[in-house]
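> The chain contents come next:
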Amino acid sequence: MAAISREEVAHLARLSRLAVTEEELDRFAGQLDVILQSVARVGEVAAEDIPPTSHSVPLTNVYREDVPTTSLTQDAALSGAPDAYESRFRVPRILDEED
Amino acid sequence: MTDLTRLSASDLAKLISTGEVSAVEVATAHLDRIAAVDDRVHAFLHVDRAGALEAAAAVDRGEITGPLAGVPIAVKDVVTTKGVPTTAASKILEGWKPPYDATIVERLKKAGMPILGKTNMDEFAMGSSTEYSAYGPTNNPWDLGRIPGGSGGGSAAALAAYEAPLAIGTDTGGSIRQPGAVTGTVGAKPTYGGTSRYGLIAFSSSLDTPGPCARTVEDTALLHAVIAGHDPRDSTSIPQPVPDVVAAARLGATGDLTGVRLGIVKEFAGDGSEPGVTAAFQESLQKLVKLGAEVVEVSCPHFEYALPAYYLIAPSECSSNLARFDGVRYGLRAGDDGNRSLEEVMSLTREAGFGPEVKRRIIIGTYALSSGYYDAYYGQAQKVRTLITRDFQSAFEKVDVLVSPTTPFVAFPFGSRTSDPYQMYLADLFTIPTNLYGGPAISVPCGLSEGLPVGFQIMAPTLADDRMYRVAAALESAVGTFTPPAL
Chain A
1 MAAISREEVA HLARLSRLAV TEEELDRFAG QLDVILQSVA RVGEVAAEDI PPTSHSVPLT
61 NVYREDVPTT SLTQDAALSG APDAYESRFR VPRILDEED
Chain B
100 MTDLTRLSAS DLAKLISTGE VSAVEVATAH LDRIAAVDDR VHAFLHVDRA GALEAAAAVD
160 RGEITGPLAG VPIAVKDVVT TKGVPTTAAS KILEGWKPPY DATIVERLKK AGMPILGKTN
220 MDEFAMGSST EYSAYGPTNN PWDLGRIPGG SGGGSAAALA AYEAPLAIGT DTGGSIRQPG
280 AVTGTVGAKP TYGGTSRYGL IAFSSSLDTP GPCARTVEDT ALLHAVIAGH DPRDSTSIPQ
340 PVPDVVAAAR LGATGDLTGV RLGIVKEFAG DGSEPGVTAA FQESLQKLVK LGAEVVEVSC
400 PHFEYALPAY YLIAPSECSS NLARFDGVRY GLRAGDDGNR SLEEVMSLTR EAGFGPEVKR
460 RIIIGTYALS SGYYDAYYGQ AQKVRTLITR DFQSAFEKVD VLVSPTTPFV AFPFGSRTSD
520 PYQMYLADLF TIPTNLYGGP AISVPCGLSE GLPVGFQIMA PTLADDRMYR VAAALESAVG
580 TFTPPAL
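Taken in order, these protein sequences are the chains called A and B. Using this note's numbering, you'd call the opening residue of the first sequence number 1 and step up by one each time. Using this note's numbering, you'd call the opening residue of the second sequence number 100 and step up by one each time.
Read the hints as simulated data drawn from the structure, not as lab findings. No experiment lies behind these values; they were computed from the predicted model shown. There could be a bad hint or two in this list.
Partial list, computed: chain B residues near chain A (C-beta under 10 Å) [unchecked claim]:
| # | residue |
| --- | --- |
| 1 | 396 |
| 2 | 465 |
| 3 | 487 |
| 4 | 519 |
| 5 | 521 |
| 6 | 536 |
| 7 | 538 |
| 8 | 561 |
| 9 | 563 |
Heads up, the beta-carbon is just placed ideally off N, CA and C, and yes, glycines get one too.
From just these sequences and the hints, can you work out the full model?
And the structure:
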């Protein structure tokens, strides 16, 4: 049985904001199925009582000294922006016309 | 006259500090070498001739001194360099000039090391061959029809082609060590948190580790010492002193390993390594025994689940990290015709800007993190990560280091593993466990199989980076270094 269907891949691509083509969907569905069937092997390990590891360094709540330092200037922060307007990042419309 | 590009970083540093050659001469020799051979190797995505010469001139004026002052270096293109294009080999960042330097780049500059340019890699460091670079692959100097490893194939190839004496790589699942292995160069992944991630374009934040690449173990250690150490700008940076890796490398070079216990992992046997790789590894092991080392077999029963666990954890983190490429703050924006919505433009931008492997991993990560699948995939992989860590800890009660081949196969021909992405993942079989555990590991050239280099991997306990350098230098003293055919 396939671990993942073409429809599921299309749904995940939408969630991931990837406007994939029909040709990519065909190709990815098969490839992702092979990959997911392989990685699903982690389920063979009996690990009910095992705590998860998110991270190998046993540090929590790392804070720096509360000392002001310089940060990027507005110009530097905007220097790579595809579009900027009056010292701000300019984005395409986020609301429909009728909203 | 001596060809300056053939010298080690250590020798170059001595010649520069005594004034026998100038830093500008050294930088020029390497820039000229790049100009002569890089059309065939394609190790570099960007060469910064003016920047490198300016940094070299500052050393010649006596403004900066230090153990590697004046020694030029190549930097993987996933590390930010202020004002110098940084793309992570992706179309989505084509032409982007970062407004700041990564911490490790700041440290290179403070050490007086001219940056020659930015090296090619698999897009966003996802891959084992550089075939997933959006700008075309790097060719292995040993055989231009074969892969140089990945993701850091550009850095490794630059060393093997004598375009640079030192390079920076990043290792998430083997991206420093596997390219080192297949190009006959040395590459070290420091303890996670031992080198700063500030200024690395994030792929999998709990695994990404920048580290040194060179042609000799001592050079690797010298570079390790320059870039390692606590950085308050990285919350996972370890606030402890760096072990003296240079002293350990020099100790190892004396060729005495009396009393050092090397562990071989039972579960790695019958792993599908090529016979020539297994043979070179076994011969090297015998050489280490002659130097006084003892070989002990250890069991790490969960290592066989490292690859599946990694290919859930890394894509999960990548799907989250790469959400930042939204066509708003930097990089590409596609399809913005004035009518389309932000969401449509974002989807078109990411579709146009990302290559196939990046898209596959984003989709897998999104799947593994989605409700209903989280416990079975991402959550379970994190538990397996705990068990792999325990395997390492119990092994290190019996042995000082673990050893294995770095990768199961020598450099393979282009195109032989791209049609089945999982076949590509197998290149990382031996390197991935260490990333999940967080300890240090190094790959050292140990021999040839069918005329192509084989790497020997040494894995050490967390924060014991010095231990792997000692064994690595001892092995190098026994087997020598390996020179590719002339380009």
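> The structure should be examined with respect to each hint, and the outcome stated for every one.
Structure-based check of each hint:
1. 396: violated, 22 Å
2. 465: holds, 5 Å
3. 487: holds, 9 Å
4. 519: Holds, because the Cβ-Cβ distance from residue 519/B to chain A comes to roughly 7 Å (cut-off 10 Å).
5. 521: holds, 5 Å
6. 536: holds, 6 Å
7. 538: holds, 8 Å
8. 561: holds, 7 Å
9. 563: violated, 14 Å
Violated hints, listed in ascending order, are 1, 9; each of the other numbered hints is respected by the structure.
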